[in-house]
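Peer 1: Here is what each chain is made of, one letter per residue.
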Amino acid sequence: MPNYTLNINGKQRSVSADADTPLLWVLRDELDLVGTKFGCGIAQCGACTVHIDGVATRSCQTQVSILSDAKITTIEGLSEDGSHPVQEAWKEIDVPQCGYCQSGQIMTASAFLAENKNPSEEEIREAMHGNICRCASYNRIEKAVKVAAKKMA
Amino acid sequence: MKTKINTNLNRRNFLKTSLLASGGMLIGVNFLAACTSETKMPVDIANLNFNDFNAFIKISDEGYVTIYSPNPEIGQGVKTSMPMIIAEELDVEWDKVNVVQGKLDTKYYTRQVAGGSQSIRQGWDALRTTGASAKQMLINAAALKWGVDATNCTASKGVITNTNGDKLTYGDVVKEAAVLEVPEDVKLKDPKEYSIIGNDAVNVDIDKIITGKPLFGLDYKAEGMVYVSVLRPPSFGKKLKSFDASKAKQVNGVIDVVQFGEKLKAIESQASGFTRITDKIAVIATSTWAAMKGKKALIVEWENESKLESTEFHNKELDAILNSTKFNTRREDGNIKNAFAKADKVIERTYESPFLPHNTMEPMNFYADVKPDKIHLVGPTQTPAWAQGMIAAAYKMKPEQIHIEMTRMGGGFGRRLYNDFLLEAAEVSSIIQKPVKVVFSREDDMAAGTYRPAIKYRIKAGLKDGNVTAYHLKEAAMNGNMYGLIPNFFPAGCIPNYKVDTGNYKSNITTGAWRAPYTNFLAFAEQSFFSELAEELGKDHPTLILELLQNVKNTTDKRIEYSGQRMEDTIKLVTEKSNWGKTGDGVYQGFAAYYSHNTHVAEVADIVLKDGYPIIKKVTVAVDCGIVVNPTGAINQVQGGVIDGIGHAMYSDFSFNEGKPDYENFNKYRLIRMQETPKVEVHFVENDKSPTGLGEPGLPPAGGAIANAIHKALGKRLYKQPFVNDLKKSAVLG
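From first to last, the protein sequence lines are chains A and B.
If you count by my numbering, then the first sequence holds residues 1 to 153, one letter each, in order.
If you count by my numbering, then the second sequence holds residues 1001 to 1734, one letter each, in order.
Possibly wrong hints are sitting among the right ones.
As the list claims (entries may be wrong) - With a Cα cut of at most 30 Å, we get these calculated BS3-like pairs of lysine-lysine:
#1 A:K91 with B:K1679
#2 B:K1326 with A:K143
#3 A:K117 with B:K1679
#4 B:K1208 with A:K11
#5 B:K1213 with A:K150
#6 B:K1582 with A:K143
#7 A:K143 with B:K1668
#8 B:K1213 with A:K91
#9 A:K151 with B:K1618
#10 B:K1249 with A:K151
#11 A:K91 with B:K1157
#12 B:K1617 with A:K117
#13 A:K91 with B:K1326
#14 A:K117 with B:K1326
#15 B:K1213 with A:K117
#16 B:K1617 with B:K1716
#17 B:K1249 with B:K1660
#18 A:K117 with B:K1208
#19 A:K71 with B:K1208
#20 A:K91 with B:K1716
#21 A:K146 with B:K1326
#22 B:K1221 with A:K71
#23 B:K1577 with A:K146
#24 B:K1610 with A:K117
#25 B:K1660 with B:K1326
#26 A:K143 with B:K1577
#27 B:K1221 with A:K91
Simulated from the structure, these hints should not be mistaken for laboratory data.
Predicted, not measured: the structure shown is a model, and the values here were computed from it.
Work out the full structure: start from the sequences and follow the hints.
Peer 2: Okay, here's the thing in structure tokens:
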């Protein structure tokens, strides 16, 4: 299997994997970064969202072989200690129920807010539409994104 | 004022204490039954076992409290709310409490399940008594130290005070307290004194969740573990004929391919009805991806074993049941035949729902390490005790040789009550003699489900002199039928001539409990029907329900499950808070009220039309669940339940063609998403009644409330879930 050097959360990480291996499984199985979740495998649910060069990206549909120059951020690297404004807002609003989809929700929200500092409610709902929460904590996700936007302003 | 407890827990044997070798006091608590006199308490934390106790509480010499909770956490919030109840009566500050998921061993342990919204309801008395007993022991220890009477001492926030003004902390007396008798007849707080219960406590796992720490079954790893992807028959009714694994074995990372299923067949009687008993193929690999890739490379021949059923066939069978006279009568009052004959008008409607997969966000998975003398299992299950029994039988071991650890679950909704995934993991591990992790893909998860059964209801009512005088509900279901309690829900007791009949078709498609089993669909059918009856009688829907409820208020019928008064209070609260009937132009409201899982709920949905399309803007909810233990968690449960109910009523469809599910992933199967969600405003009926659960009751009324609102907006009645199909057909939705 070929070797790849990836820039993940500011560190160079070396992995051996088939070229078509999704980043999701490299993170989870090879690098023990299990915060990025498996939900559907076809980029439909958003549980596996990471940032690639700052853009919210579905890691289940991103092959490891195309990432040699990319800067990858996972939930583990969003902040040192859970202090990113989106993480703080998630805690303040007590968003999670089961919690499984929430790292993907947080990664989508943080990439969105980095681009849009003062989003309208409609923009928030559109930005978060791609991430499924099966417990349907949607009201709180929406509220937490608003709170995070204020924190980041 | 203090209330004296009056329960069958009022005896010392439901809790025991010990002095820990490392310092501090350990309390073992058993919520639902007494411990035997032989029950021993450990003296060190490393040896906690949950054989005889439901939970352990440690009070350290510094006064910190650790609660080891073995309760399965599936997102319903009990890992936070149950310890809150103990902390309240123990009278410590909530921020000094640490909650730890007990590494549990389910030896002899058969009492704890996540399901039915029952954890809080059943734990309420025991949890409070535990906290209060420990507090009294600490007070007694302080009183002995001071040489004063315990009645002259009080405790609050971890500090004991006497009438002389002396103070001792819990930590100061914990060693002495640990060796005292467990007091009987402890006094519980009046709800007015609560300082933890009724206040928001954030999810105890929040920091781990928001930083992506390993928490879930899928995150669990162990030394030497290999990954397994299982190929199961593609259709219900097919079985394995032969397979060629040569290509699969060439995939990088694939270690082996094995056929299995013998163990499952051996315990068929214990697993029947829930699990596909069949030969399967396991692809074993060094990574999840390699295992999944290897599975795709398998060349397999299947053969027919039993009938290949399609949705069309199911519909025909269900209709045939409804048109037949072959029913089990679940409840019968008065004489419906006479009442229908005398009625001014008889109305009959039929309601339909599809099978539904659970679709937990974390797909099914389990870790197993089967050794000749012990079995270690780790992962998400709602029923560890059942799993232990089946594994013990299959591997001819004693229960104590089987060690099960539960992880936080990425959703349950009933799917993880059934342990097919765990049985698969164990069998593959036993064959290859390695620790394994079985991981379902989403396609595996959706196509090898334990589905909510497809059901049809036919409801018939007789109206006479402006009243509902007869009510006959017939249920036709795939496999199971509604639970015995449900026929005693509303409108039982409200209508003099009343009958509930059920019949079923035995399908080879596996079915089981799905969040708010049966009522998740029944509530929609019933409350849509009552909306039609109200219209026919020229009455407002909630007014009609309130009128009917008067008939059950003073009932002496012990079978009646719900309370007329509590339902009335809930309905009145929701009509007030939603401005029922007083909204401006362009807002269309639908109402539904439903009692399930011991909780009364009423909902009003507000719909507006945008370009002729109905948009659900808001749902106002009133809930009577008694005392609200953790408001933030309670609101989250209700909001989630309502939106989940709307999503599945509105969008989620499922069907079979020749035994094969037509839906396998979220590209086709539709779950509700952010832009489709209304704001859900939750109000609680305030009272001091014992708390009841909230994981399920918010869901059932939601479908009825939106269907009734859509009727107001468009003049169209909906009879079939998901509504989106009918709305598309009539060009209401694109």
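Peer 1: Each hint: holds or not?
Peer 2: We went through each hint and held it up to the structure:
1. A:K91 with B:K1679: Judged against 30 Å, a Cα distance of about 20 Å means the pair holds.
2. B:K1326 with A:K143: Violated: B:K1326 and A:K143 sit about 52 Å apart, past 30 Å.
3. A:K117 with B:K1679: holds (23 Å)
4. B:K1208 with A:K11: It holds: about 22 Å lies between the C-alpha atoms, which stays within 30 Å.
5. B:K1213 with A:K150: Answer holds: B:K1213 to A:K150 is near 26 Å, not above 30 Å.
6. B:K1582 with A:K143: holds (28 Å)
7. A:K143 with B:K1668: holds (29 Å)
8. B:K1213 with A:K91: holds (15 Å)
9. A:K151 with B:K1618: holds (27 Å)
10. B:K1249 with A:K151: violated (53 Å)
11. A:K91 with B:K1157: holds (25 Å)
12. B:K1617 with A:K117: holds (26 Å)
13. A:K91 with B:K1326: violated (54 Å)
14. A:K117 with B:K1326: At roughly 64 Å apart (the allowed maximum being 30 Å), B:K1326 and A:K117 break the hint.
15. B:K1213 with A:K117: holds (28 Å)
16. B:K1617 with B:K1716: holds (19 Å)
17. B:K1249 with B:K1660: holds (27 Å)
18. A:K117 with B:K1208: Holds - the C-alpha atoms of B:K1208 and A:K117 are around 27 Å apart, at most 30 Å.
19. A:K71 with B:K1208: Holds. A:K71 to B:K1208 sits at ~24 Å (cutoff 30 Å).
20. A:K91 with B:K1716: Roughly 42 Å separates the two Cα atoms, so the pair is violated.
21. A:K146 with B:K1326: violated (56 Å)
22. B:K1221 with A:K71: holds (27 Å)
23. B:K1577 with A:K146: Holds. B:K1577 to A:K146 sits at ~25 Å (cutoff 30 Å).
24. B:K1610 with A:K117: The hint holds at about 29 Å.
25. B:K1660 with B:K1326: holds (29 Å)
26. A:K143 with B:K1577: This hinted pair holds, its Cα atoms lying about 21 Å apart.
27. B:K1221 with A:K91: holds (27 Å)
Hint compliance for this structure: hints 2, 10, 13, 14, 20, 21 are broken, all remaining hints hold.
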